[in-house]
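Enquirer: Okay, here's what each chain looks like letter by letter:
2 protein chains.
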Amino acid sequence: MNIGILGLGLIGGSLGLDLRSHGHHVLGVSRRESTCTLAHAKGCVDEASVDMKLLSAAEVVFICTPLGLIIPTFAQLIAHLPENTVVTDVGSVKTPIVKELSSYRHNFLGGHPMAGKTDSGIEAATLHLFANKPYVLTPLADTPTAATSLVDKIVRELGAIIYYCSPEDHDRAVSWISHLPVMVSAALIAACMNEPDANVLQLAQKFASSGFRDTSRVGGGNAELGVMMARYNRSCLLHSLQQYRHNLDELIHLIELEDWTAIEQQLQSNHLARLQFTD
Amino acid sequence: MNIGILGLGLIGGSLGLDLRSHGHHVLGVSRRESTCTLAHAKGCVDEASVDMKLLSAAEVVFICTPLGLIIPTFAQLIAHLPENTVVTDVGSVKTPIVKELSSYRHNFLGGHPMAGKTDSGIEAATLHLFANKPYVLTPLADTPTAATSLVDKIVRELGAIIYYCSPEDHDRAVSWISHLPVMVSAALIAACMNEPDANVLQLAQKFASSGFRDTSRVGGGNAELGVMMARYNRSCLLHSLQQYRHNLDELIHLIELEDWTAIEQQLQSNHLARLQFTD
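Heads up: the protein sequence lines correspond to chains A and B, in order. For what it's worth, UniProt numbering labels the leading residue of the first sequence as 1, then goes sequentially. For what it's worth, UniProt numbering labels the leading residue of the second sequence as 1, then goes sequentially.
Source of the hints: derived by calculation from the structure; they are not laboratory data. Hints may contain errors.
It does not matter which identical chain is meant; a pair holds if it fits inside one copy or across any two.
Said to hold, decoys possible - Derived lysine to aspartate or glutamate pairs resembling DMTMM-like cross-links, with alpha carbons at most 20 angstroms apart: (1) 133 / 152; (2) 133 / 157; (3) 153 / 59; (4) 206 / 168.
This is chain A alone, in the form it adopts within the complex:
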């Protein structure tokens, strides 16, 4: 099958590697000539171009640009596509994207592969990135069954675990486990930096080990990505943050009261609850 990929970063490049290994003919488009050259050299694509026209020969197109570029790029993209081409995206927030893109095009289907690495860009692209990872599909009631089946079939070839849900349920779920942790972790780093005594701050920096490193990791990550999550999933994230603030206040209150029994119960129940969150 001819499969188009718009955006050749970690996700687009890895997708290309996997799809080619299954015998598909991959057409890749990037804004940069140098990325096209690299994608070709790495075997991520059969053909690459900076011109979206290349994608007109594809039966299905995966939009793999950064989140903030999906909607702006879409209008340009569909000008080049026949009416029956299926389009899907890999954005980490679904409601605003699905709402906008579905209004433009019947044959659109939202998707979100929950796979990643610390490194980004085509250089980091790798085979089997999606294997055994969740891949969420969010078709609407009026999405053509043929479009959903086609994307489902390709995603299955990646070895991903497919989940179906509404764009809204997806965004609420990722708000808890992906977007809230970024803000929780960001506030931790900011708080530590507010220590007014330079000597104590320096000791804290020297003493920091795996506990601090793990808890602060996502809050010290890619700033642009953090902003995009907050921007596109703002209402879910605000809801999660208000709930979080409530739970934090409860813990603070218990420490003020010196209610160690209640704190131990909370921590014990956390320990068990965390086991239900799988990787």
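Given the coordinates of chain A, work out where chain B should sit on it, guided by the hints.
Expert: For chain B alone, kept in the frame of chain A given last:
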């Protein structure tokens, strides 16, 4: 040198392994006969007993019991020790312990090796646990120099990086990078569990990956240890929590205002700040 270890868990057992490898004669005491047998079989001690009398032959004794048992055990311990025996502990909070134990004994010196593993107990004891890790010593102005020098010399043999500071500065520093992260992380798990829609909660549990796993790790850890940290370092922790709550409120406010530029600046400054916290 004859060195005593009271409490044969991960820290006490690993200490024994290292000290014996440097030719010291290690006397170990545990509350349980079975732990004594295991410590001996693993080569953590030369002699082991459930009777504290064994430690009377030691020149220096390391108290390696859980944090909550250091003060209660100390009175029993010193009844068996000659006046000139140096005593140190490995507790993760220093102010209340140093205050209490120094009042009983001139030759006492607080310490805190910042080394650990996920596993605990004598079974997890290992050589070189302290190598290249911070080991904080908190002598007071009137602590005998000879006592400090003796502990310093032994700790250097472990390959640890020694830091000197006051018990108060130690506790403020670890409040930021060790105790605050536990509460921040605990509130995250608690907040997620408050999702009222069972379907969304289940999706969140399925979608959770490394971001959630890392941010929630210390909040889903050992409940007893979490309570001990909060209990012994209560005032520093409450101060850190109030600062944290302020920074969290700022982030929430910026998201409400949709001030994406300010959020991006905050996240970028976090990214740089985090690089200053070393492991």
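Enquirer: Run every hint past the structure and note whether it holds.
Expert: Results for each hint:
1. In this homomeric assembly, residue 133 and residue 152 come within 20 angstroms of each other (Cα to Cα) only inside a single copy, at 14 angstroms, whereas the closest approach across copies is 49 angstroms.
2. Taking CA atoms no more than 20 angstroms apart as the test, residue 133 paired with residue 157 passes inside one copy only; the shortest distance there is 12 angstroms, against 46 angstroms between copies.
3. In this assembly of identical chains, the alpha carbons of residue 153 and residue 59 lie at most 20 angstroms apart only when taken from the same copy (13 angstroms versus 72 angstroms across copies).
4. For the identical chains of this complex, residue 206 and residue 168 are inter-copy neighbours only, at 16 angstroms across copies versus 43 angstroms inside a copy, given an alpha-carbon limit of 20 angstroms.
Against the hints set out earlier in the document, no violation occurs for any number.
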